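Asker: So you can see what is in the structure, the chains are spelled out below.
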Amino acid sequence: MIKKNPLVYIILGVGGLLMVFPFIWMVATSFKQPWDVYSLALIPSEPTLNNYQRLLENSNFVRWFYNSFLVGGLVTLSVLFFDSLVGYTLCKFNFKFQNLIFIVILSTMMIPTEMLVIPWYIMSKGLGWSDTYWGIMFPGIMTGFGTFLMRQFFQNVPDDLIDAGRIDGLNEFQIWWKIALPLVKPAISALAIFTFLGNWNAFLWPLIVTSDHNLYTLPVGLAFFSGEFQTEWEMVMTGASVATIPVLIVFLIFQKQIVRGIALTGLKG
Amino acid sequence: MRNRFNKLSIQQKQAIWAYAFLLVPLVFYLLIRIYPAFNALYISLTDWDIISADKNLVLFENYAKLYQDRLFWKTLGNTFKYVIYGLPVNLLLSFLVAYNLNKLRRGLGLYRTLYFIPYMTSLVAVSWVWRWLYQPLPLGFFNNILSLLGIAEQPFLLSPNQALQAILAPTIWVQMGFQIIIFLAGLKGIPAYLYEAAAIDGANNRQQLFRLTIPLLRPTIIFLVITGTIRYLRIFTQVYSMSFQGDGGPLNSTKPLVLYIYNSAFQRFEMGYASAMTIVLFVIILLITLFQLKVLNKND
Amino acid sequence: MKKVLSLLLVGLFVLGVVGLAKAEKVEITYWQYFYQTKKDTINELIKEFEQENPDITVNHVTFPYENYNTKVASSIPAGVGPNVINLYYGWLPTYIDAGYLQPLSKEYFDPVTIEQEFFPLVQAAKIDDSYYALPTAVRSLALIWNKDRFQEVGLDPEAPPKTLEQMLEYVQLLTETDRAGNVTKPGMTVEVRGQMHHWIREVLVRQFGGVPYAEDNRSVTYNDQGGYSAFEFFTDLTIKHKVGKVGFMTDDVTAFKSGRVGMYIDGSFRIGTLNKLKNLNYGIAELPSHQGIKSNFASFWANGITSHTKGKELAASIKFLQFLTSDKAMELWLQKVGELPAKPAVALQEKNANHPQYGPFIKGLEYAHATYFVDEKAQRQVWIDAYDLVRLKEISVKDAVDQAAETEQKVLDKYYQDK
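Chains as they are written, first to last, in the numbering used here: chain A, 327 to 595; chain B, 724 to 1023; chain C, 338 to 756.
No lab work stands behind these hints, which were simulated from the structure alone. Remember, predicted model here, so these are calculated numbers, not experimental data. Note that the Cβ used here is the ideal one computed from N, Cα and C, for glycine as well. A portion of the hints provided could be inaccurate.
Said to hold, decoys possible - From the derived model, a few chain A residues whose C-beta atoms are all more than 12 Å from chain C:
| # | residue |
| --- | --- |
| 1 | Trp361 |
| 2 | Trp460 |
| 3 | Ile534 |
| 4 | Ile575 |
As the list claims (entries may be wrong) - So these bits of chain C aren't anywhere near chain B, every CB distance computed over 10 Å:
| # | residue |
| --- | --- |
| 5 | Gly491 |
| 6 | Glu552 |
| 7 | Gly629 |
To be verified - Below are the DSS-like pairs computed for lysine-lysine, each with C-alpha atoms no more than 30 Å apart in a straight line:
| # | chain 1 | residue 1 | chain 2 | residue 2 |
| --- | --- | --- | --- | --- |
| 8 | C | Lys376 | C | Lys647 |
| 9 | C | Lys362 | C | Lys649 |
| 10 | C | Lys362 | A | Lys451 |
| 11 | A | Lys422 | B | Lys797 |
| 12 | C | Lys747 | C | Lys714 |
| 13 | A | Lys418 | B | Lys736 |
One chain only, chain A, in its complex shape (with noise of 0.2 Å):
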């Protein structure tokens, strides 16, 4: 095709900086004593942990980090098993009411949030689910999408490997599980990255259905923090560095299987 131009590497190459560079400046003021905030010096003059310190001291993030992580983690094994079942389901057995079911749940994914976070509030505060785990979670423990993205995998599963199941006397139950899940593995891990990131991001519904400091999950209790501590900037980005840098971490080990997921999702969604 195209032969090596420099100048592409140099103008994407100072793109990359630029993209990365506000968490370059976050991480460094973090470490910056408070009268050397306002310095544009990227490395910091006297360098301190002080922030990281009063951080811990004064705010709950190994709670919100732990609740995030609880919260994100069990809508996703949640979603893996139901999505796949449900996508399995509609796509490899005949029955009544078939196409209804599958457009009923298709046709959730058409409703925002947005519009459900009344109800859904209404409904946690009269069962007393507010200021609970389950009442982070209830509303994503299915997905429409998920579903979708599943049973277009499962599309590409052959009947036949599912005949052989029955004819080996497995159950309907046992044949998904033993023989079609493990076929569409690229899509389990795809889903899984997919909602997990949703889960771990997601701030409208849990700052709306949490109070106790307790439950926060981590972007909500992240912007209390910031909130309480928002004329101290090298708290503020202390709060943000804490937030983003396991992430980031976690997405340098396995961004091959995340970009892939990122990009099967997107293509098949």
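Please build the complex by placing chains B and C on the supplied structure of chain A, with the hints as guidance.
Answerer: Relative to the frame of chain A, chains B and C by itself:
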């Protein structure tokens, strides 16, 4: 029981399995997705504020009130500004980067990582970082740079003329990662022989781009336009995090519809009124998606 | 034998009940917004309270100021949330209307005694003959100036401005700009969101010959020449004289703490914060007068008991509230936070009234007005918007004030319509 089950035809057995698999999910979709949707519609026809217990059916009064509410039209306008200013720039930048990245022989992985990093991070964190960069002198990074260059400082988030664009910048910055990945996947999907054939036919780079690449990327572009539009229409977190006290200021110049819904529902507890706005949002998203699908799919 | 047995049984029963009651700790929850010195002081008070009342545990929760109202409001419908809560006096009408607070038991909080012991402005917490909340402390405004900055520009560091004319003259001297014309060291801060809307409403309007509200507090009256001139004086600070900048260093107190600001106006609660800074050489004075008129704005945060609190929790909450409004708590509050004791007997002690830091605030209290807010958030927003309209949209001062008056009148009407 076991026996009776065995006597059923394969068809019937399958149906029973299917219904068993679908039982819990159906309950979920009906109770957590479908019922609340209708419930939202119903609440929008009442004057409920949940603090006082009484709920009266007022039919279309909330919608009539919306029609006369200047702030509602303003937030609706802001919402569209986010889409119209943000999405095209976002798509164009992402395409330019992806198109050039796709040509690289070496280092694609590294570059892709750099561009993808913002997408991976919490939007709340990113918003606060940018909010800080935008501060007036002597704090903000951008204004410090301007000052070094002898240029008058800019108010950014403090001005009703700049704040919306200032919030869009990090939004675009974050979304680029996602869009680049999708564009790259789309570009990789175009078989190399097509380019070779085009080159043999004497098509230059530009012709290849406009006659070959872009038409073949149509599904990718449709996908990104639709998901991007919906995403921008639902903008909330950035504005909540970047405006003073999360109020979508100054002078409501950055307040999008979703933030107004949040204010009405969860700060003033006008559940009926807020629900009416959510219905409007739903209708807008539905219409725009259908319209885009129709227009963008036209030539197929 | 039977008698002995039954006595024994009764004895055991009583012991059991007492034992159970002892073992069963009452836990109550206290909410306030996050302000470092307040948070620390309440923690200290709770520790002491729990020592005095070993059967009560107080769970102390804070929220950032900007989310506080939301969190309070969202706990109403569910009947969850705190037992004792700290609310701004300007929010009380809204929350009492919503049935959020219960009237304080007259047995423990006798209205007559309250009126004898507390500053009269506390009556803002009384609705229909019942008190719904009581403060630990009250606050007023004062001028805080940076002595080092005064020295740098050749002003006498011990002579703060006494009048608005002097103040304007000084702040112009105290303002520094860079090559590009950006204000790098403002003469004063101009954050309407901070305390400035109070300064405009209750101080400047009166000093320029107006009255902010009618006698019965039900109508807005600042939309006349007094109000226009007052607001013009304020907007001119940034637009004409360019001695201040909105959003400088995020907010006014941070700006002042950085040492770059010549003077600013703030409440007594800042003393605790400012005293923590060792390098800040500052003084506190009464607000500048104008045309011989002195005025000030007084306010308070009060503690109330929520409606859903009953039984043992109510008893514990009453005890806690009594503790929070005790003379001892007020003394500690003054020392740690800097807010003035809510009882004149405690506040006006010789040592406080002549104190270089508390003194000007206490003197200000004598001629202070407390705005009778019905919805403080909305009524503050009115002035923020008016200021932004003049500053950013180039709307005339008169139109902005008229618009503010119209909007605020609507807020008042909405509240009073069914009263």
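Asker: For each hint, tell me whether it holds in the structure or not.
Answerer: Verification of the hints:
1. A cut-off of 12 Å between C-beta atoms contradicts the statement that Trp361 (chain A) is not in contact with chain C; the least separation is 9 Å.
2. The beta carbon of Trp460 (chain A) sits about 16 Å from the closest Cβ of chain C, which is more than 12 Å, so the claim that it is off the interface holds.
3. Chain C draws Ile534 (chain A) into its interface by the beta-carbon criterion, the shortest separation being 8 Å against a cut-off of 12 Å.
4. Distance to chain C confirms Ile575 (chain A) as a non-interface residue, since its nearest Cβ pair spans about 29 Å, more than 12 Å.
5. At roughly 23 Å, the least C-beta separation between Gly491 (chain C) and chain B is larger than 10 Å, which holds for a residue marked as non-interface.
6. Under the 10 Å C-beta cut-off, the non-interface status given to Glu552 (chain C) relative to chain B holds; the minimum distance is some 30 Å.
7. Taking the minimum C-beta to C-beta distance to chain B, about 37 Å, the non-interface status of Gly629 (chain C) holds against the 10 Å cut.
8. For the suggested pair Lys376 (chain C) and Lys647 (chain C), the alpha carbons sit about 26 Å apart, so the restraint of at most 30 Å is met.
9. The suggested pairing of Lys362 (chain C) with Lys649 (chain C) holds, with an alpha-carbon distance near 10 Å, which does not exceed 30 Å.
10. A distance of roughly 27 Å separates the Cα atoms of Lys362 (chain C) and Lys451 (chain A); the hinted pair therefore holds under the 30 Å criterion.
11. Distance hint between Lys422 (chain A) and Lys797 (chain B) is unfulfilled; the C-alpha atoms sit about 48 Å from each other, more than 30 Å.
12. Straight-line distance between C-alpha atoms of Lys747 (chain C) and Lys714 (chain C) comes to about 14 Å, which keeps the hinted pair within the 30 Å bound.
13. Between the alpha carbons of Lys418 (chain A) and Lys736 (chain B) the distance comes to roughly 13 Å, so the proposed pair stays at or under 30 Å and holds.
Violated hints, in rising order: 1, 3 and 11; the structure is consistent with all others.
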